[in-house]
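Which chain is which? The protein sequence lines are A and B, in order.
First residue of the first sequence: 1015, per our numbering; consecutive thereafter.
First residue of the second sequence: 784, per our numbering; consecutive thereafter.
Keep in mind that the hints were calculated from the coordinates and are not lab data.
It is possible that part of the hints are untrue.
Claimed, not checked - Here are the computed lysine-lysine pairs in the DSS-like style, where the Cα-Cα straight-line distance is at most 30 angstroms: (1) K970(B) / K1146(A); (2) K1146(A) / K811(B); (3) K811(B) / K850(B); (4) K850(B) / K970(B); (5) K970(B) / K920(B); (6) K811(B) / K920(B); (7) K1024(A) / K816(B); (8) K816(B) / K920(B); (9) K816(B) / K1146(A); (10) K850(B) / K816(B); (11) K1024(A) / K811(B).
Said to hold, decoys possible - Far from chain B, by Cβ distances over 12 angstroms, these chain A residues were calculated: (12) A1040; (13) L1088; (14) F1091; (15) M1148; (16) L1184; (17) I1194; (18) D1266; (19) F1272.
We put the CB at the ideal spot given by N, CA and C, even for glycine.
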Amino acid sequence: MARPADLLRKLGHATVERVWRLGFAARFFWVVLLYSGASFRRLPLTLREIYFSGVLSLIIILVSGLFVGLVLGLQGFEILQRFGSTEALGTLVALSLTRELGPVLAAIFFASRAGSSVTAEIGLMKATEQLKAMDMMAVNPIARVVAPRFWGGVISMPLLAAIFSAMGVLGGWLIGVVFIGVDDGSYWSQMQSSVDFRFDVWNGIVKSFVFGVAVSLIAVFEGYDSVPTAEGVSRAITRTVVTSVLAVLALDFVLTSFMFRGTS
Amino acid sequence: MSDDVLVDIEDLHFTYDGRPVLQGINMKIPRGKVVAIMGGSGCGKTTLLRCIGGQLRPSGGRVRLEKHQVCGMSQAELYNLRRRMGMLFQFGALFTDMSVFDNVAFPMREHTDLSEEMIRDLVLMKLEAVGLRGAHKLMPGELSGGMARRVALARALALDPMLVMYDEPFTGLDPIALGVIGQLIRKLNDALGATSIMVTHDIQESLLIVDYIYFLNGGRVVAQGTPDEIRASADPFVHQFVHAEPDGPVHFDYPAPSIRQEFLSGVRHG
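If we strip away everything but chain A, and leave its shape as in the complex, we get:
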């Protein structure tokens, strides 16, 4: 009898829980920023995280960037051919990468490669009382563990997105120019004349920076907030990847609608 009421109650409970968690995450973000001083005063701490999150993500970024470029080259050529404008291939590849695919895909790969491992590391440090031990040694775990990982991610993300786009452009060139035979000169010159640095490239960098903040925050928050058991940490990792991907796609829509409204 009480089923609908139960359902409503559960829905309400889940909603309140989500909102509460969101608020908690926002407060956590603030605390991380507050304790970020040490991440820059003691640069080796952050450099180490840039190595773990950024440098070690290079392989997946390089390879996937190349393949995305190859596919873009093929599909782009196939479509442009219908309009007899295959020399615009460079423009198509470069614009789709710098504006959208570079930042978005790089952020998604980054979340699954680096975000998940940051969550796992912090979650396991919590589960094995390492964070508590650090706190008892009068070392703030947010300043010493969380903030460097956060900034490591934020700094790595735009660089990785740029590398991703560059590899994609190279992939498009490889398939379009080397294999299919689009004119080499027009591939690059069309690209150069139609891609605006301030408008296209810079907006892409801004995007990837925003994604970097979002993905890194989600990763460190889920780790820090995880239930300190094997099951809890594994759930936290799943949540990191799922939430990051959704957040990146949603943010991308919002950013695109502001950045590229009514232009080109």
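Got chain A sorted already, so can you dock chain B onto it with the hints?
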């Protein structure tokens, strides 16, 4: 008298999720002594330790450490105080991404401006004291449970603390490692002139090494005394604990309605 008391706990209350965990604890930990806090699992021992270290805020009462009131301190004051405290966690809580050497060096590197050569000498001295100087290059994953506990002990003592807290230092150790840790706790406490609080349920080992024992049950101090007094105690709780009897003041059964009532009711409870 009050100068000899390092930690003074008065009427300490702690409530977790509406459930009272500590209900009016009174304790005095004299300077230079090793004091054990004992009791069954879930009696609030570890909670008490967390309150002394300032990691938990009690819902009532006071904890005084030297001249400082621990409860209600700001984070900065608390961190200042904790530089003079060491804590050994139940399973060591070594930093798994650092070697044994770096683990022991961690508090020194974080809190002092000592040169690396100086830190190296100090770390090797600390490791020598726990008999693991030869293991300084190993990673925590390569250590046995007893060795990890000894490294954690060396780390807890890295800054020569005035107060060392041990959270279940004997759990999961074989009898030899257990004896080694017990002896080390006593020896290092006296050598450093520190004060030790040890939360444990290993009564036999504790009786050998400590100066004073508090028994906790249901969030209250139910008995206290020196090891000799404890051994001779006629208190039913202490007797049950010392002789490891399955039933007594501490019940074997989890509270439940009578089994007859349970069978007859036939309804599943959520």
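Evaluated hints:
A hinted pair counts as satisfied when its Cα atoms are at most 30 angstroms apart, and K970(B) with K1146(A) qualifies at roughly 26 angstroms. A distance of roughly 25 angstroms separates the Cα atoms of K1146(A) and K811(B); the hinted pair therefore holds under the 30 angstroms criterion. The straight-line distance between the Cα atoms of K811(B) and K850(B) is roughly 14 angstroms, inside the 30 angstroms bound, and the hint therefore holds. With a CA separation close to 27 angstroms, the supplied pair K850(B) and K970(B) stays within the 30 angstroms bound.
Distance check on the hinted pair: K970(B) and K920(B) sit about 25 angstroms apart at the alpha-carbon level, within 30 angstroms; holds. Taking the CA atoms of K811(B) and K920(B), the gap is near 40 angstroms; set against the 30 angstroms cutoff, the hint is violated. Taking the CA atoms of K1024(A) and K816(B), the gap is about 54 angstroms. The hint is violated against a cut of 30 angstroms. For the hint linking K816(B) to K920(B), the alpha-carbon distance of about 33 angstroms lies beyond 30 angstroms, and the restraint is violated.
Under the criterion of a C-alpha separation no larger than 30 angstroms, the hint pairing K816(B) with K1146(A) is consistent with the structure, at around 25 angstroms. This hinted pair checks out: K850(B) and K816(B) have alpha carbons roughly 18 angstroms apart, not beyond 30 angstroms. Pair hint K1024(A) plus K811(B) does not hold up; C-alpha atoms about 49 angstroms apart against a cutoff of 30 angstroms. Every beta carbon of chain B lies more than 12 angstroms from that of A1040(A), the smallest distance being close to 20 angstroms; the non-interface claim holds.
Non-interface call for L1088(A) relative to chain B: holds, since the shortest CB-CB distance, roughly 43 angstroms, exceeds 12 angstroms. Distance to chain B confirms F1091(A) as a non-interface residue, since its nearest Cβ pair spans about 48 angstroms, more than 12 angstroms. Chain B draws M1148(A) into its interface by the beta-carbon criterion, the shortest separation being 8 angstroms against a cut-off of 12 angstroms. Every beta carbon of chain B lies more than 12 angstroms from that of L1184(A), the smallest distance being close to 36 angstroms; the non-interface claim holds.
With a least beta-carbon separation of about 48 angstroms from chain B, I1194(A) lies farther than 12 angstroms from that chain, consistent with its non-interface assignment. Residue-level check passed: D1266(A) sits 34 angstroms from the nearest beta carbon of chain B, beyond 12 angstroms. No Cβ of chain B comes within 12 angstroms of the Cβ of F1272(A); the nearest lies about 39 angstroms off, and the non-interface call holds.
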